[in-house]
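With the hints as a guide, bring the two chains together.
Residues per chain are reported as follows:
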Amino acid sequence: MHLTDLDLLFWAAGFLAHLGLLFVLWYRRRAAAFPLFTALITLGSAQTIILYFVFHYGTKRSYFYTYWSLTMIDTMLQLGVVYEISSRVFRPLDVWAQDVRSSFVWLMGLSVSVALGLSLLASPPAHTWMHAFTYKGNLFAAALMSELLVAMLALAVSVRLPWRGHTAAVAKGLGAYSLVTVLIETGHSYFGGSRESPIFVFFSHVRMAAYLCCVSYWIIALWPDEWAGRTMTREMREKLFTLHARLEYDLNHLRSRNKL
Amino acid sequence: MNTHNLYFVAAMGIFLVVLIAIAGYYYSRGLRSSQAGWDELLAKLARIDRDNIAQVALDLVDESGRPRQSEDAANLEPRQLWRLVGGLEGLELLEANSEVLIDMAFYVQQWYPEAIVIAERLRLDARELKWHVNRLKGAAQKGNLQVSFPFYAQHAVATYYLMTRRVLGLYEAGNFSMLAELQKAL
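Which chain is which? The protein sequence lines are A and B, in order. Note that our numbering has the first sequence beginning at 1, numbered continuously upward. Note that our numbering has the second sequence beginning at 261, numbered continuously upward.
Source of the hints: derived by calculation from the structure; they are not laboratory data.
Part of the chain A face toward chain B, derived, beta carbon under 10 Å:
no., residue
1, Ala122
2, Ser158
3, Glu185
Positions of the beta carbon are idealized from the N, C-alpha and C atoms, including for glycine.
Excised from the complex, chain B in its bound form (with noise of 0.2 Å):
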């Protein structure tokens, strides 16, 4: 075997091992997900402080989601904001936590496929959520997360509120047994 010959073995067997990797490790992914039953999603939500969240995105949106008028907007000082929310990694949580209300909604899709109008909503939201909290890090890289973090922070957890509210209004409108835990979670 000559050495040219060698290489192009070589590189075809890295690129066949290296594709069946990346196929079989995002195949269990999608299985797994997709397989999920209701008590592994909702374990997989993580604690967050509800009232905290609320109050944050309250002084945005009102109790209904419709956003305050803008004299009364965003009054919560910076300070205020930081505690509330828990800084850049409570942030990450929330991050997290919308990953885990997008199955939740693909949870009643497997019933409803009418659902996917909700469930294509919340995606497209929670990449929107991702994209604030992207903005604070490479702003938290550049020394500038202090000044960034009242506007995107609180921007981040109003779409994040009004994706609780969405996957809440799912489940209510389904009159889905699960509620009453959802509910309690969020």
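With the rest of the complex left out, here is chain A (with noise of 0.2 Å):
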């Protein structure tokens, strides 16, 4: 497989961002709030290093093996960030909201089946059935992360749960190339082809590109620190939370009383 400067440009360029944006997650105190995504970022850097000496040193048949086992490793990550955003926004008060469960189990499962039924869909110009699974696989994947991000947001705007600060700049970040890598995986089942085809290669570099921007919008959103809010004074305080607690016990009086 040959590569362009192109190639070699947005691999650099690849690996100085993730260097960039884990240096922003470490020195700014962000990996213990995300440790997953801070783990999705790691292993992008990772992933170029590996590629990288694989590329040089192995074989054809040891790339294509190392880098399939790290997309899938990439892509479980991801689903963790999903649902390390989704523990971020649904539960306010470090329990799950009530209300929100079902809906959620609901959206997973219908993002699930479309997903799937786009993937069975595709059918792919492979020669091999691996190929053909790997070009499903990949679109199963995209479809499922772009659909879950936009439930998430969906369900947080309806059940009027704020989506804001950090959570919301990896989300949105992760959302918007999530709906590109759709695209991106529509045209590879359309159009197939090997890795060194023209169009693979059009496609790789719109995707690298889009991750860059990506990766870029996250280093500058993670860096400033979020909104801390005024404290309440003791008094305040105590008000607020001997009516919450009076209002709290009377509303659940009132609720035994429905029961009945």
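Here it is as structure tokens:
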């Protein structure tokens, strides 16, 4: 496989962007809040180095297996990041909001079904079953990720749980990138072709450019601290929580009467 | 392009357009909601006769929001309740207002993140109110509204009344300048 100057430029830029984002995540102490996201970015950096060495010193076969193994881990971590975002949005008081659990499970089921349906509909012009499976698998993962992120956004707005700060930045970046990958995987599934074909190279470049934009956005968005807000005075807190506790007790009483 | 590929490309096109449309709609809705100013929030509150609401709620709970003893509670006649609440339409107005009350708590949360406890509670109360209203809508479709109305409507109104007390308590605790306007509106 021949690498052009543009390929090398994308590789180098991607690696540097990942290092930059990792620096932001650790130096600005975002890694503790987003461990799975940090793991995803760490894998992204490691992926570049590992693939570079396998490409230069390994066989075509070893590159193929390394590439797809890393891609599978990457997809699992992306799903983990979706979980990380949802646990920050839908657990406002450190427990899952009671009213979103069923909607969330229902939306997940719908997303998996639609992604599965679309990937079954695809008939990529592949020579081997493994190539066909790879194309379909990539399409499934891209469709599922984009659906889950859009579903989470819709659910959060519908149930009025705010989606803001660093969580919103991570979700927006990943959501936008997922939508681009759906477009790219559609192209791959439609055109097929080997890794050397011009259309495959074009799509790879579009994907890398989109990902670079996304990483740059994360670097900018995750650098500043989130608005910490003001701290309530002791008097304010006491007033508020006394009222809250009393009304809570009263509502529970009403609810128990409701059941009678 | 063979027929199968044509279906695939069409399906993917529709999928992407629908997904982007949903994302755009909810993103702009979320943005509008988070950027709403105080006047805008206040304007969203539908005018409701608070004396009627208080009368219905106070038939179940006392002035402080504490539930009345069972022998004193729920003395209103179904016909009186229907008139005071304004029927199903009146309850739908309460449902819409309960959403604004949540936004009002989120408005405070912008400065005081600790107010999330109240906002989250209000959110769950609003879901409960919605549940009561939906039960009544279901009953209306089956022709059982007259039977179900007194029970569900009074509990929905009491929930709404306690929600207004939570929001007023929040603004009072924070000593916010908007308290007077809020008291007037609620």
